[in-house]
Structures are given as C-alpha cells and as structure tokens.
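S.K.: The lines below spell out each chain.
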Amino acid sequence: MELSGAEILVRSLKDEGVEFLFGYPGGSVLHIYDALYRQDDVKHILVRHEQAATHAADGYARATGKPGVVLVTSGPGATNAVTGIATAYMDSIPMVVITGQVPSAVIGSDAFQEVDAVGITRPCVKHNFLVKDVTKLAETIKKAFYVATTGRPGPVVIDVPKDMTDPAIKIPYHYPDKVTMRSYQPTVKGHSGQIKRAVDLLLNAKKPMIYSGGGVVLGNASEELGTFVRHLGYPITQTLMGLGAYPASDKQNLGMLGMHGTYEANMAMHGCDVLIAIGARFDDRVTGKIAEFCPEAQIIHIDIDPSSISKTITVDIPIVGDVAGVLQEMNHLLQTGKKEPKKKALAEWWKTINSWRATNCMNFDRSSDQIKPQHAIELVHEITGGDAYITSDVGQHQMWAAQYYGFEKPNRWINSGGLGTMGFGLPAAMGVQLAYPEATVACVTGEGSIQMCIQELSTCLQYGLPIKIIALNNRYLGMVRQWQEFFYENRYSSSYMESLPDFVKLAESYGHVGIRIEDPKDLKAELERGFAMKDRLVFFDIVTDQTENVYPMIRAGMAHNEMHLSPHGGELPQDPHRELS
Amino acid sequence: MRHIISILIENEAGALSRVAGLFSARAYNIESLTVAPTEDPTLSRMTIVTEGTDRIVEQITKQLNKLIDVVKLLDLSEGPHIEREMMLIKVKAATMAQREDVKRLSDIFRGNIIDVTPTTFTIELTGSGQKIDSFIEALAEHKIIETVRSGVSGIARGEKSLQV
Chain A
-19 MELSGAEILV RSLKDEGVEF LFGYPGGSVL HIYDALYRQD DVKHILVRHE QAATHAADGY
41 ARATGKPGVV LVTSGPGATN AVTGIATAYM DSIPMVVITG QVPSAVIGSD AFQEVDAVGI
101 TRPCVKHNFL VKDVTKLAET IKKAFYVATT GRPGPVVIDV PKDMTDPAIK IPYHYPDKVT
161 MRSYQPTVKG HSGQIKRAVD LLLNAKKPMI YSGGGVVLGN ASEELGTFVR HLGYPITQTL
221 MGLGAYPASD KQNLGMLGMH GTYEANMAMH GCDVLIAIGA RFDDRVTGKI AEFCPEAQII
281 HIDIDPSSIS KTITVDIPIV GDVAGVLQEM NHLLQTGKKE PKKKALAEWW KTINSWRATN
341 CMNFDRSSDQ IKPQHAIELV HEITGGDAYI TSDVGQHQMW AAQYYGFEKP NRWINSGGLG
401 TMGFGLPAAM GVQLAYPEAT VACVTGEGSI QMCIQELSTC LQYGLPIKII ALNNRYLGMV
461 RQWQEFFYEN RYSSSYMESL PDFVKLAESY GHVGIRIEDP KDLKAELERG FAMKDRLVFF
521 DIVTDQTENV YPMIRAGMAH NEMHLSPHGG ELPQDPHREL S
Chain B
60 MRHIISILIE NEAGALSRVA GLFSARAYNI ESLTVAPTED PTLSRMTIVT EGTDRIVEQI
120 TKQLNKLIDV VKLLDLSEGP HIEREMMLIK VKAATMAQRE DVKRLSDIFR GNIIDVTPTT
180 FTIELTGSGQ KIDSFIEALA EHKIIETVRS GVSGIARGEK SLQV
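For the protein sequence lines, the chains are A and B, in the order given.
Here the first sequence is numbered in the numbering used here, starting from -19 and rising by one per residue.
Here the second sequence is numbered in the numbering used here, starting from 60 and rising by one per residue.
Below, simulated DSS-like cross-link-like pairs (lysine-lysine); rule was C-alpha separation at most 30 Å, straight line:
1) B:Lys125 - A:Lys176
2) B:Lys121 - A:Lys46
3) A:Lys291 - B:Lys131
Looking from chain B toward chain A, a few residues come up when the C-beta cut is under 7 Å (computed):
4) Lys121
5) Gln122
6) Lys125
7) Ile127
8) Asp128
Honestly, the hints are just simulated from the structure, not real lab data.
Glycine included, each C-beta is placed from N, C-alpha and C at the ideal position.
Generate coordinates for the entire structure from the input sequences, incorporating the hints supplied.
M.R.: In structure tokens form, the structure reads like this:
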C-alpha cells in the first residue's frame, strides 16, 4: 500500500487506536486536513483556540488513561498549544501533539508562520521529534506514542514540515507493532530487596502515614492501593492530583494534605514516624517548609521516575518502579508474612488523629444568607451522586472542588495541579465528555478562569457536549484576593473583576442554557433543574459570598503544623506541636 | 564538589541543546562541555564538568539519564579516571631570548610548538586542567596573544568503560 505522508500520518493514528484528534487547521497542515477529510476512522474535533485543543486532549487522557492527540499548524498554532503542553508535562499526562512546520527547504529563513517548535517546546515535553524523512514518519509516530505512554508519562511533540505530507509523494506504508529504543528503557519493576525493607519498616511503625499522589491514578493502581491501605489499617492522605485513588468517604482517609489540606492530614504528616509516599513527588504545595517536613519520619518513596526520588526530600528507602507492581508485591508480602501491624500503637495513633479530626476543619458558615461556594460543591456532589467527572480551573473554586466534592473513584477529578493553568476546565471537560458521552461532566470554575477559554462554548455547541459549568462567581480573582487579604493588608491590586458579561445571555448566545443563582434558598432546586437537562450544556452563574476564603491554609514556606483554620471549625485539641499563626 | 560526567548520546540534531537546555532550565553549573561523535557515528560522547553538592549532582545525573536521547551515563568522579584537556596557545616570541625561554618552558611542560612565525610561537599542550593552568602561569613574563582550550575529556581507568 502506497500512501502520501499526510495519509500515513492519519493512518498511523488510526492504527494506534486514536479515536479523537483535537485540532485547528492552518497552512502547514492542510495536506493532513485533506487526508482527514477523506476518512472516518479518526474523528477530528475542531476547537476555537489551539490551547483548548491541548487541554481537551489532556482531559480525555486523564479520564480514560489513553493518550490525548492534538494537531495544530505551525507558528501561532504551535505557540498557542504550548500552555497546554506545559500543563500536561507538569502533571505527567500522556499526549501526542503534532505541529505543522514550514517546508524543510525554508526552515530557518523566518518563513511565514515559522517558529522553532522543537526548540520552544523542548523544556516542557518528555521528548520531541522533527520529521526529516517521510519514510521515518510512521516509525516516529509509533515512537512518540511509546515514549508518551510508558514510564512516567508525558507529552511528546512531533514537528512535521509541510513537504513531509506532500500528496504527490507516495511511499509504502507500514506501521510498526512495537518499537524499541536503546536510549529509552523505563524501569518498571521495583527492587525486591527494597520492597522487603519497606514492608519491614512499615510494620514496625507506631505512627504510620500513607501519602499517595497522581502516580496512583496514572499508574492505574487504585485497587492495589485500596488493598494495601485496608490491610494495614493505616491513615492515608492524598495530594491534589491523587484524589479519588482512594475513596474519600473511607474512614482511613484523612483527605487532602498540603497548603489547603485538612488539619488531620497535615498534623498526621507532621507527627508520623514512618511515611510512605506512593506516586507522589513532594511538591512544594505539599511539603511546605522542607526543613520541617515530617521531622520524625523515616520515609519510603515509590516512584517510576528516579529523578523524583530525593529531589526535594531525602528518603530512606527509595523504590523505583511502577506503583501497581510494587504495591502488588508489597500486598503479597503483607498477606503471606507473619508479622502484623503494631495494634496497640496504632490504636493510640488513631486516637490522636481523631482528636485532630474533631476540629472539623472543613466546616463553614451554613446559616449565611449568601451562597457559600463550599455548599454549592456539596450540592453538586449530592445531585450527581458523587459519580460525575469534575474538571476545574485554577483558584479558590479548584480547592473547594477538591475539598468538598468527595471523589470516590480515580480519573474523576481533572485539574491542572502542577502548572495551575486557568482556562483548563472547560476544554478539559470537552475531552472527558467526548470520551464518555453518557457521563455527567461538570466544570467547576470561577468568573475569572472561565473567561480564559470561554470561546469553547462554541465547540461544545458544534459537538453537542452537555457539560455543566459551575461558575462560582465572586467578582474577584478569589485566590489572588485571599493572598492579598492575608499578606498584603487587603490591597486588592487588580483582583476585582469588573465589567463581567451577563453569563446567562452569553451562554444563550452560544445556544446553551444559562441559569443565574443568587439566593442560597434557590441553589439546590436550580442545580437540580439544570443537571436534569441531560442533553444541554448548562452554565450555572452562581453568585457567591465575595469574602469567603479557602481553609485550612498553610502559608507558602511554613510547616505542616502552622495552619490558618476556618473560624467555623470545632474545638482545637491541646497538642504540643500546634503553633497556629 | 567537581564532577566529570560522561554521556553517550544519540548523534542527532538537537541532542546538544537538550543537554545545554537542561542545565540552564534547572540552574545547574556547567564548567565545560565537550562533544564529538564516537567510533560509532550514531553516537556522540559528551564530557561535562560540573560543580555541585552530592544532592545536586545526583539530580543532574538523574535528569540527564531521563533525557530520551541519552543512551548511557557515567560519573567518572566516582572511580579512578583520567582527564585531559588540550590547549592551543599563541605566544609572542620575537627576540632570541623570548624564543629560547618559550621553547624551554614548552619542553618542560611537554608541549609541542606547532606553528612558528618570526614573532610568534603556537604551542599545543595536553594535560589535566591544572597542568594547563600551570603552564599559563609559567608564561607570566611573556605576552600571551591568545589561548584556546578544548574543555575536559575523560575516561575511566582500567577495564571500566562507557559503551552500549
């Protein structure tokens, strides 16, 4: 079979099993768009801005575990995609991004719509390729998928000069079943000796703590994690990226940790004597002050990426490997070994933890005559039975969604944790809704974030995506305002949103449903009414209390036991570690 | 501490910039970097001299290993090794006295005079960085017109090797 480069590219995507290609056409990729037009296997989703193409592919990848695929043109097409590529890179999301490039002969001549896409994306991709020989195109695509999806996943860019897709040049097509690369052989199997040592240390713990992250979700290891945690009976906390990997409602779950983590999770981190980090990378939003991070703990760290180990926190037992495999081996040792966890010490530890829990740190003012954003999220949980896919943008609403939705399953919580990209939520929700047309997909956002990719309401109309947009509208860039309140003596520099559009009319102008909710008494009924419209996109413009802050909060650079707590929580226990500022 | 890291890397366009970009993006020190193809033209050998605490150097080696184009890596400083640097140095040698003294110093340091004009000598000198520094110091009374240093190349002693 002889095909042109453009046909090879499209056929390779089909043979790779790609369902959706998120993209936007332009001069350098017209041959490819022509090849797309002449087939039905790979469905092209036309976004309204290339950033949205990358976020949509990213959302698709996070929800399904399959790589997201993007096609954009050269120059501005590639540069617009960079934010989404960097977003995926920071959260280790498998993605293949094909960027058009000017013809090989004019590369370097400052041609129309030319940028050095390989150079620009280099620091924010797992790897990138420039195709210089059309006979290597299919193999390069295979390599890109292989690199993107194995080891620690990440985005891979393939830059394709226009002459590589010339319809006049036909060559034989063969898509390889697999590729090997001498320079890339990710370690997947954990070292058995290290695993044994880790299990021994865990069983000797008096005040153990389990800290799991996005690696458990990416590594599809929730089941193994569940078995592990329940067998040991130890407390577990998750990072922002790891929510849902262990059910939020389970008694052993202390909730999220870190800057906006629960009091009990952070205090247990501070007080534990053995910590096991599972697919988590000790991000600065999690650790707070490095020098006072888990001061009494011996630390075990499971991660597939050797460079994550001892990067910021020096660990005692590093285990490089695939989280699911390592946990399986640990579970086997635990189930077949004679040794049991230290029951008495553990009971004491739980007693202490439960006293921290009694602070009820997530409580908020439930009698307010204004809509509390936390309440809105709780209602979304209730109405969706806790079974929705929730995407979010970045800011206060993101934290409230993380804190109050209560994720029971992995891959349901889709947010930009590492890069913190505003504008992520709506396009990510499109990717999720396309993957699961029957599922309830909600985008929790704010009136600031939503405006960063609002143009995608048009894409949602074109493809009939019935996303529910929960815009917590506080007329502020809320997280910026919160920091300005705490650290800049209420000088709200450029954090107030003036001249907001009428979101209801805006949604309607795009052919969707808009619902504005101002009174807490209407909140539940209106949300129910909107969620009942299964086949419509509904934009909920929810006018919330402008002064609400995200609690608990650890200031950047402070330790886990130095938290600001909400004024609405319960009694604080007496604790020698406690130094509330 | 100073470390010499040897890398075998795919000999492809952009491979060097991946390494250089990594050092600048993560704010690592780079003292010298040399690169050239090996006997296998698909592979390049790179020697990087860097300075940092053990923790930073550990991160540097891990991050380098993570680059998809890096095939193999060895921190030469972890074992016995040999390092060499080559310098070309052009020195003013116009008078008989100057010519004799420069020739004598070059001989002491086992340099080779590889270009001679009525007013200059160009000397090729190979050795450790320290030896090269010493030679420059020894020439203090002479007028150095220009120097070119290759940067350090290193290899492990004995049977140990860096190969695919």
